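Chemist: Produce the complete structure using the sequences and hints provided.
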Amino acid sequence: MTAQSIQGNSERSALETIRQGLSLTPEFRKGLAGTLALAVVATTGKIIVPIAVQQTIDTGLKGGAPDIPYITGAVLVCAVAVLLTAVAAYIMNVRLYKATESSLATLRVRGFRHVHDLSVLTQNTERRGALVSRVTNDIDQISNFMQWGGLMIIVAFGQLLVATVLMFVYSWQLTLLVWACFVPLMIALPRFQRLLSRAYTVVRERTGDMLAAVSESVVGAAVIRAYASERRTAERIDNAVNANRSAQVRAQTIVGFVFPLTEIVAAVAIAGIVLLGVRLGLSGDITQGQLVAFLFLVTLFVSPLQTATEVLNEAQNAVAGWRRILGVLDTPPDVADPGDKGVELPRGPISVAFEDVHFSYPGGAPVLREVTLEIPPRSRIAVVGETGSGKTTFAKLLTRLMDPASGRVTVDGSDLRDVRFSSLRERIVMVPQDGFLFDGTLEENIRYGKPSATTEEIELAMTELGLADWLEGLPAGLDTPVGQRGESLSAGERQLVALARAYLADPDLLLLDEATSAVDPATEVRLARALEGVTRGRTAISIAHRLSTAENADEVLVFDAGRLVQRGPHAELVKEPGVYADLHASWVSAAHS
Amino acid sequence: MATKVTSAVMRQGLRVLGVAIRTEKALFALAVLASAVYGGMTVGSAWALGWATQHVVLPTFAQGNVASGALWTGTLLILGAALLKSFGVAGRRILAGVIQYRMQARSRRDVTKQYLRLPLSWHHQHPTGQLLSNASADAEAAWAPLAPLPMAVGVIVMLFTAAIAMVFTDLMLALVGFLIFPAIAVLNLIYQRKLSPLATRAQQLRAEVSEIAHESFDGALVVKTLGREELETDRFRRRAHELRDANIAVGRVRGLFDPMLEALPTIGVLAVLAVGALRLSGGSIDSGDLVQVAYLFTLLAFPIRALGWVLAELPRSVVGWQRVQAVLDATGSMEYGQAVTTSSAPAALEVRDVSYAYGEAEVLHDVSFDVPAGRTVALVGPTGSGKSTLVQLLVRLVDPDAGRVLLDGVDLRELAYGGIAESVALVPQQTFLFDDSVRGNIALGLETGDEDVWAALRLAQADGFVARLADGLDTRVGERGASLSGGQRQRIALARAVVRRPRLLILDDATSSVDPQVEAKILYGLRDAAEASTVVVVAYRMATIALADEVVYLDHGRVVDRGTHEELLKRCAGYRNLVTAYEREEAERAAMDVTVEGEEVSA
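In order, the protein sequences belong to chains A and B. According to this note's numbering, the residues represented by the first sequence are 3 to 595, in order. According to this note's numbering, the residues represented by the second sequence are 11 to 613, in order.
Worth flagging that the hints you see were computed from the coordinates, not collected in a lab. Fair warning: this is a prediction, and the values are worked out from it, not measured in the lab. Think of the CB as a built atom: it goes at the ideal place given N, C-alpha and C, for glycine as much as any other residue. Not one of these hints is a red herring.
In the SDA-like style, the derived pairs of lysine to any residue whose C-alpha atoms are separated by at most 25 Å in a straight line are:
id, chain 1, residue 1, chain 2, residue 2
1, B, Lys204, B, Glu252
2, A, Lys100, B, Arg203
3, B, Lys35, A, Ala245
4, B, Lys204, A, Val96
Below, a sample of chain B positions facing chain A; criterion: calculated Cβ distance under 8 Å:
id, residue
5, Leu93
6, Arg119
7, Leu142
8, Gly229
9, Ala230
10, Met270
11, Tyr427
12, Gly428
13, Tyr550
Modeler: Below you can see the structure in the form of structure tokens.
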């Protein structure tokens, strides 16, 4: 089995990333040309003022007495132009928001679905929080960039372009002068951006540390009090909070220097225009209106450069976000659904076979070796062994949460890899040890096993499982809210709900992975009995942590160090010397000492 | 939730800002000074340009020669104004950041100090997620308006200076300004009022989308084992589409107002040119004045929007501040007495007539029992019988509503702070590890040598895996011990308790994630080493109960019976029912098998 981790740091270039990212968002590309054309129209609004000033001074004020009708006419024409560009800007904005939001919503949902389609093993190579970021923060960063930064780049280019063209029309000498002033700044800006980007990275790390430290004061409240370590915890939190603050101030200081720098460069350019401009004026190369218009045109250089570091930073974040979401989408689901080509299993009791199955986790030693076995339909199987013996791996292979490295697992004669997921998940259900519940009521959580179930069906299922009494003892019965991750219930109660949920799904093979380990003994025994009744006619496999499960099974599978070392009914196994006899002895001594 | 910029929100918001200003007086004064320089010099740079136009550019074209004195004066004026303005900008931005981040850090420190100070009963009443967001997002939101605030103050200075400059230049041109700038301000206010609720809604939906993803990925195993990927995707898609629509609604408002706010100053400049031409022809102003006013309009157009930014942040700020304040205003704390314990002998524990309720629901009624020094007592009872609550009372995580808990005859409430922790060590059901090294997690500030730590790890059957960790005792365990398995975490928590050589050790189902064989070793080790301590243990497993000298059987929050294991087995039906469930089951089965076989024989 090769390591299948989520690709995130692929060596894709920025341009390649953007190209692939855009190819995933057809909604964005549709009508993009029109939106860009509108953006160009909107940008031309910026040079209306300098042109109006120049016209007023040169034409309107020629010969001492202003030409009022001409100036009024020019002003009116310009005002109409301003309104038109504003309308263009409005339409452009609405189109841009619609296109970006629609395309990113699609990408978000696709990413979400793909995460669920990845195998458990692949999912576990990433922290859950990181996976969540792929469909939240990463997408938000792309959207910020498309709606602000990316637009700013277009606007800034347009603005610099139209300003330069107009400047060139007025005076090429002054145009060169202005560019000569701004080029060094443009060269320096990426440096600032790198500095800023590093500073922001530190801020993000420190913020993470800070949040982790703060959470200790809440999540660890009981331990902190029991061990009187309030002061120690407070110090740790203060340090993390202060480190975060320092990092934020450092980043802010870098931003704080870019703005004034641009102001100074602009002032130098303006002073240069005046100094050189008057000499050009003397030689008749420029009119006074054009010279004054230049002073206004320089202001068009200021805002693009002031925002450039932020824009570059956003661009970098967006590319990184894109790279990460592409990384998820590019990771093939290695335990893939054969889909429509797959086999549909008919309903009815299930038989299982393992044929020379091997498994090892990526980069690890083999955890399952040469496992060959058959489980006949309707049989009741107990799986036993010490921690690390391969019991849980066996369960995960049987439910196809993972695929064997070699050998095959078959159900009713079909290789699991060929069985359609919809059919597989309907017929084989595992109840994991950790009873994860969704934030909602008890009823909603149980119904998760069978979305079409009525309240009566759910009540009936609870009765069949012998849980009606427990349910009645709850303040709001089935309407009891379970809290986030089911935290309002005890660990044992969570397991009861998880079991009811799986039972409601009505599978033909039910696999319990120490599914009642946190339930009190009396309840556990009641439950075991009820399960015995309701799984009659189905295949039932229990990973056992106590003796009676093994004793009551038709057959016990004993795992040791990744191998199936013994199998047979309890009565036989307990008589032969071996792993099972040892396990049995330790159980008995634990129960009767 | 306040989402609109109403006058009430404005008043509250300004009061919040007042708090910040009073707290950071000196820095705020400096920031305002820098902003004032920035505001003044923005107007100053327009004036310098006007001056240069009037005294350098126009005379040059009119007279055909350059007045070099005026030329250099103009240049210096332009550069000087820009330099001062730059200082103002840098000072304003950096100081605004410093003030904002200092206030946020202060709120976070104060809020977490409260979390550490307030009694556990207060924690029980507040969901974890809420407390975490009080310390992070709310503390951030409360002080968010501080970033644009100095700028806004600078803008006010700027507007005043500009108004004066314009009035002195020409009353008619000033009038254009007095029409345009208030119009921009009003438009901006309408903008923020329209945007604010939409932005809040989008923010809310963003949080919900994130919550769904979090929950769904956390439960990935359940989703997979039941094949509910499509159901989850539908759930996510619905919310993601709501977020999309909310963002587009925000975009519509932005798309409408942003171009208007850009166009208004441009219209202003055009109006200045038209009016200016008239005034020029009347001889009331010169061309330099015209250029100066037009330039001023260009420069003011953007900063004036800073006023709107402050207003836009206010509703969020008020909500954030109120939430932070609610934590800071929370009363109730553990009061400690003066009594100190000096004994190093095993402690005796007495519980007398103790009752405790979570809100209305009473979970313990008149519970009484005692644990003589050096003895081991098992607390046994079905799920929900009140065992864990009782344990919290024994180490004074909460105080009883009635009755008393006595340690060596002293009421826990009379002991000085830290006194209980010195004598008593609790290993709770829910293991909690700090994001620290293995050593740090075990010592928790206790001065102890590595030999003691290893000895404790050996007792907890944790020495083996800790020795195999990459950095041994220095290995960091990750956030909440994420890099360890449940059983490993429990054993570290156990070592944390025994390293203190407590006079009373309390185990609340503390080995549930540990293999039975390993658990047995731990328990025997404890019994051999526990000569020096009294032990209270909450358990289901027979092996654990068997170690106890005495059993206290709890059901529905009452002590039903107490005595040795054998005594209770004989006389207490509930107890017998619970602890012998497995054995009885075995026996019944054996009996059933016999009947079945018998039937077969007879058939």
